[in-house]
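Engineer: Same order as they appear, the protein sequences are chains A and B. Its first residue numbered 5, the first sequence is counted upward by one per residue in the working numbering. Its first residue numbered 2, the second sequence is counted upward by one per residue in the working numbering.
Any given hint could turn out to be false.
On the chain B side, residues computed to face chain A include the following (Cβ under 10 Å) [to be verified]:
#1 44
#2 46
#3 102
For the record, the hints were derived by calculation from the structure and aren't laboratory data. Don't be surprised by glycine CBs; every beta carbon is placed ideally from N, CA and C.
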Amino acid sequence: DGGITQSPKYLFRKEGQNVTLSCEQNLNHDAMYWYRQDPGQGLRLIYYSQIVNDFQKGDIAEGYSVSREKKESFPLTVTSAQKNPTAFYLCASSTRARSGANVLTFGAGSRLTVL
Amino acid sequence: SQQGEEDPQALSIQEGENATMNCSYKTSINNLQWYRQNSGRGLVHLILIRSNEREKHSGRLRVTLDTSKKSSSLLITASRAADTASYFCATDDPSTGANSKLTFGKGITLSVRP
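With the rest of the complex left out, here is chain A (with noise of 0.2 Å):
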């Protein structure tokens, strides 16, 4: 089945401690995106990646890395230095439909709690 997968499910995560989320797509997409969820909030981009080797930052990348060596993964970093991490986190990925529009097709999610 063709989809994204996020790994872990759940993370628990001492405070100074970076941690990496997963996220594989195999749909053969060039376009992956991180986004955050706060409770009652809406989705806040983090960073995202139009092409192999190149990513660009969202409008929340303080305190969080990535990299896009190769087409299907995309992981997150969530660095010591971001304030308040704890959050769910959701990956996507998109191609560029017949319409020409940007539908994304999401993971699962990854629930990141700070002890």
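Keeping the supplied structure of chain A fixed, place chain B upon it in accordance with the hints.
Structural biologist: Using the frame of chain A, we list chain B on its own:
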């Protein structure tokens, strides 16, 4: 920057009733999309409407777009308990080119009572 703003924030209806959700946005768009999120899960794309379209249907979903008012509405007819979820509108940013990034609103929590 939050582009789309949905209202109401929460909506509770009886099964069988229609649910109407609204979204307003601020800048020009190429298209507007609606997504659904079940609790604790990822988002699922529901429907897309382009800026040159006024209305679109997909099953029990009807979406309208008024570019002069910069607003959209999503209507779910004959609601079911399984429609209980959060609904988000998303707008694209034409300035970011191909695979342009989407900006999501805060979402509407819909509860459908059996």
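Engineer: Against this structure, judge whether each hint is valid.
Structural biologist: Okay, the hints, checked on the actual structure:
{"no.": "1", "hint": "44", "verdict": "holds, 5 Å"}
{"no.": "2", "hint": "46", "verdict": "holds, 5 Å"}
{"no.": "3", "hint": "102", "verdict": "holds, 6 Å"}
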